[in-house]
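Residue numbers (the working numbering), protein chains in the order written: chain A, 3 to 237; chain B, 128 to 965; chain C, 10 to 398.
One or more hints might be untrue.
[Said to hold, decoys possible] Rough simulated footprint, nothing fancy, chain B against chain C, three-plus residues with beta-carbon under 8 Å:
id	segment
1	87 to 98
2	118 to 127
3	147 to 156
[What the hints assert, rightly or not] Here's a subset of chain B near chain A, in silico, CB distances under 10 Å, partners left out:
id	residue
4	S328
5	N599
6	A867
7	G877
Hints were generated in silico from the structure; no laboratory data involved.
A virtual CB, placed ideally from N, CA and C, is assigned to each residue, including glycine.
One-letter residues, chain by chain:
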Amino acid sequence: MTRRGVDLALRAVSKRYSGGAGTGIVLDDIDLRVSAGDYVVVIGRSGSGKSTLLNLLGGLDRPSSGAVLVDERNLGAMSERELATLRRCQIGFVFQAFNLIPTLTVEENLLVPLQLNGVDRRAASARVGRVLHDAGMAGLQARFPEELSGGEQQRVAVLRAIVHEPDVVIADEPTGNLDLATARQTLELLESFAGKADRSLVMATHSQEVMGRARRVLEIRAGRLYEVDTRGQSR
Amino acid sequence: MITGRLLPPLLLQAGLRFYVRHPGQLALTIAGIALGVAAIVAIDLAAYSSRQAFAASTRLFRGQATHEVTPAGSPIPDSAVALLRRELGATNSAPVIETRLRFAAQVERAVTLLGIDPFSAGRLQTTWLGGPPTGDSFTRLMTEPGAVLLSSALAAELDAAPGDRLALLEPPGAGELLVTGLLSGNDDERYVLADIATVQSLPRRSVGLSRIDLRLEAGQADQLAPELARRGWRLRPVAARLGQIDSITRSFRINLQALSLLAMLVGAFLVYSTVAFAVVRRRESFGLFRSLGTQRRQVFALVLAEILVLSAAGVVLGLLSGIVLGAGLVRLVLRTIGDLYLSSSVDYYGVSALLLAKATAIGFGASFAAAAIPALEAARARPRIAMNRSALERRRRRQLLPRLLAAAGLGVVAAGILVGTARLEPAFAGIFAALTAAALAAPVLVYGVMHWLAGTVPWLPLSYAARSVAANLSRTGPAVAALMLAVATFSGVGLMIGSFRISVSDWLGYSLDADVLVRPDQPAALATGAREAELLQALRALPGVADVSRSRRVALPDGTGLGGLLAVDPAPSGRWPQAEGARDAILERLAAADRVLVSESFARKRELGPGDAVNLLTAAGERRFEIDAIFTDYTTDLGLVAMHLPRYRSHFDDRQLDSIGLFAEPGREDEVLEAAQELAAARGDLSVTTSAWVRELSLEIFDRTFTITQVLRLIAGLVAVIAVVNALQAQRLDSRRELATLRALGLSPGQLLRLGELQTLLLGAAAGLLAVPVGVLLAWLLIVVVNRIAFGWSMVFDIDWALLGQAVALAAVAGLAAGWLPNRRALRDMPAVALRED
Amino acid sequence: MRRTLLAMAVVFAALAAGVFWLRGGHEAAPPADTATVVSLLGSGDDDGFRRAARPGDIRLPRDHGSHDDYRSEWWYFTGNLTSADAREFGFQLTFFRFALAPPQPRESGWATNQVYMAHFAVADRTADDHRVAERFARGAAGLAGITGKPFNVWLDDWSAASTTAEFLPLQLSARDTATGIALSLRLQPGKPPVLQGDRGLSAKGAEPGNASWYYSYTRLPAAGVVAVDGVNFEVTGLAWLDREWSTSSLAADVVGWDWFGLQLEDGRDLMLYALRHRDGSLAPQSAGSLVGTDGSRRAIWRDDFSVAPTKAWRSPATGVSWPTEWRVRVPDHGLELDVRAALDDQEQDVAVRYWEGAVDIFPAGGGARLGRGYMELTGYRRPPANRPR
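The shape of chain A in the complex, shown without the other chains:
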């Protein structure tokens, strides 16, 4: 079966947080479309709302108003169960803090999404072995996350996000905690996945280098979203 990817869209989405000091608007009436095969980078200052935007796109959070559409289906109308299925099948997440499950080995961490998708154990193990081998980390499969370096952990996290071949990978500052060389390795791993047909990559970052490699760059300023052309100029 051939995939045709997935289209993500935000329509008039706002996100407000109510806290002790009153209400803060993080995202204010935003429209966005990420088509299948896109490579989108979101930039902005700390606290500008990058993570919120990504969480909304991935169905980890719900908007205060507006709609999040996945292939024209409104996430707001989906049950938590359907959301879980969506995340399991079509989306992969990479976090700045890696978020590997500390009590599971590298191999087991990678097995989780496959098992969730019902891949049988032998096939799943084979796929995990191949993915690790391709990433040059074949020797690490029996290790626990705490026994890995930060870069290794993040690459395992990336592998976990892509091992079940989702339609879109959402990565929240995946290189934020990494040195330049390690960051580059991680990026290459991500791009190697996203480079394939119809697979999208949405990534929040501060890194100039990443911005240069993306197809689209978006900037969040004061709750609004601006498209930036690759020469670094806002429109």
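On the provided structure of chain A, position chains B and C as indicated by the hints.
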């Protein structure tokens, strides 16, 4: 610089604010302390009140008595008082007959009936408890048959007023009593007061006076004592009576003491687990404090200061709920006392300042002791902002072996204590040490089990759950220990009671070996002439009767009066006694020579055995009786001596019978019962019951006696739940981000819930499984060490697998139940919330 | 008559006292006032008891024993004794029997309706010392009782018992360790018994049946030992026995009585009792008798005598004013006597407060002592303390 002060206010504020922002944590910690304190207060209160009740019953109508005369070998006849006054110079003397009765309107409780001579009581300046009787009831008391005064508390219970007639259930055939007045007053004593003649007119189990109270001048006692001893009576100071009461209530108090100590231990572990959890949760804050320049002793002081505040709240709450719980418990205990012992069952309920002080001290003490280890750990926190949690877990894992070794060492110490002691206090210390060792080892063992599970079972959710349980032991360890201990106590105490019950039931089969029991309403009436022979002949002639046995029971005539003497003429086809050796040979030897059987308690307390001898004060003076064998008896821990009835009669001036057993030919039991009932109805001086009924009643009383232990089990159950809630909160809070990640990976809510439940089930079941051997050990120690030391009797050790299964189930269900809310709460927020939290 | 009232008062009080003692020992309520007991007696239920009705029914020695079918009864021994060194003592040993209810059979060695009270007092005139002891016991289980032949009345180890099959001689024995007094006295036959009132029937009120049986031994030579605080005194003297039993109540207007038993050195014995109304006048049943040296009796009726107090002594203990000296006149027999208490304080503050004590007899207006006797005063109250302010 904040180094100068032990506890900078801002630090304490930060510490306490943690609890304010985590009210669940606050509630758990306080509840843990409160539960421990409440258990101590409640059980102590019950023990204290039962002692007060006994003491009060001893003081009842004694006035200024200095001494008392009690039967010791011979009954005290009515003429004894005149003898004392007219010939022995003991003018200030007052006869008392004390007995028990049961009103038809209040079947469930027996009441003390005091028969006094008002004029004699006047000589001792006896105080009416609750004020003098009202109206002309005083004259009527002496002149009207069946006239009684009720204490106001009893009158209120029975809803009785002067003029009412109250039907009696016990003694059988006693008819009605007429209430001629009330003893007004505001105390809670419940008793019936009557003229001595009225009491004597009731059918009774024994003849003679219960005692004569005396007010003696200095030196008078020494002259009197030999005169009285010559007649088979004993003179002793009233204070000695209290001593005897002490020995009677000992078994009860020891029971309660053991319970309150166990409750304390369990409570302390709960405090430890809650405090440890609270500290572990904040180790990052402590690390931060340290990085800001706080000194170790300041962090240590901070934790203790927090505990001071929390335990103050917990102690107050515990004292209050302990008093409430205690009130219920006291009622229970006193009812048991009233059932078991022939003494007043007054409802005395007082809270002593001493008791409250003790509970307060223990509450704070246990809290501080329990907090000390976590506080030290907090103080050791390295000065950095975020400590790697996995590093902490690693360190903890490195501590596993030393911990196991410490537990093993403590276990060896416990065994040493338990093997070497013949006293109760060290025995308890030993049991505590053993339980503490088990509690120390529990988290280690849970870790081991989880590790084994994770490595063995190729099912990812299970190995994930097992590993997360194992990985979270730094937080869940103390709670696991508390849970294990609670479940072990639950099952251990249950096993002990179960074993005891089986032993008692077994023994009842031996001691109540006849099918039908016939009791003369007035034993004394049978003791004359040929009336006994006549009755026996009539009974033997009943259709279906194969055999007849007779028995008589009196206070042990050895000068101490502690314990009993049982004289039995057993039936050839009966089962009594329950002793080692061939029954026929034993009975033959008892009949042929001055040989006796002694109960286990007797043998152990006096360190006597077969081949030794007992000296008894017979009518002809002191005589030696050789001990033939040891038999089983649970009627008194003071010890029982048994001899052949004809031998007893040849040595003692007592021809009364307490009970006659009828043995039916096989299949004719009902026929015998009917015939005996007919005979009794025709004669009017016999009561007839079946052994089966008495056995049933005995077990019922047994069960009621141990109802109090159910309270401990209830407390253990509560502790179990709180401990698991504690552990789960720890785990849930820790794994929120992990769960959010899993959700991001696409785990459905149902899957997450099942995963959470699997974890909590594993945790509970592991603790429950570990509790099985510990519970069995506890039961074994209670049976083999405590009961043997305290009461001198042994019992079969019966392992009730159903009960153990129940205990494991309790733990598992406690786990599931406690995880219900946290598991669901983990799903309430969108995953983004948990992910953002850092 | 006199002591029926006292006895009934006392036994009711005894019951009350029993209650008081039982309640709280020393902070007991004060002894019942006679007046209140008098009112209590008025409502007594005497159904089922026999009553003294027909004169001449007394038979001796049968009637020395108890009469359980009458409400109350007593054996009242008093007397004056002198030791070899002329130390003088008065003594009183009294046994009261009181039935709480008519006799009925019950199945208990303790069952009884009979209550016994005994008073034992010694007045040591030389030491100006009067001591009294009081005991109660139920008439069962051998604690207290009466046997007829040989006669014996006892309560604890206090007793009056015939030493032979005859009523006399009698042995009196009593010992009380708390007060330190003891008595062991042999009473020999003196004058024969005299039947008081109308052949032994002593009227108490106007209505028939309201009377008692009453006889006296007015002169019984006595010898034995009196002990005070362990010191024994060999003594001789004269004793007096009053016997009375009845089921009677008190007239409503009687507030108290004064009784005199006087043994004159000329061999005559005079008994008088005066029943006082509230206004001080004497009730018509007041009476007495004079027994001659030969034992012959002359009845004295209310109009034949007068008694008048001549001195009041106020008890420091109770505040009651007792008339301890009297002028006694029996004109028909030429008797005009001054009766004076041997010592003022012979007040008996026991279950019922009364005054019972040894007296000396003088000729009116002064002169050598004419004899000794015993006097009983009841119904005197503390003067009201309502002085105007």
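These are the hints, each one checked on the structure:
no. : hint       : verdict
1   : 87 to 98   : violated (count 0)
2   : 118 to 127 : holds (count 6)
3   : 147 to 156 : holds (count 5)
4   : S328       : violated (82 Å)
5   : N599       : holds (9 Å)
6   : A867       : holds (8 Å)
7   : G877       : holds (7 Å)
Hint violations for this structure: numbers 1, 4, all remaining hints satisfied.
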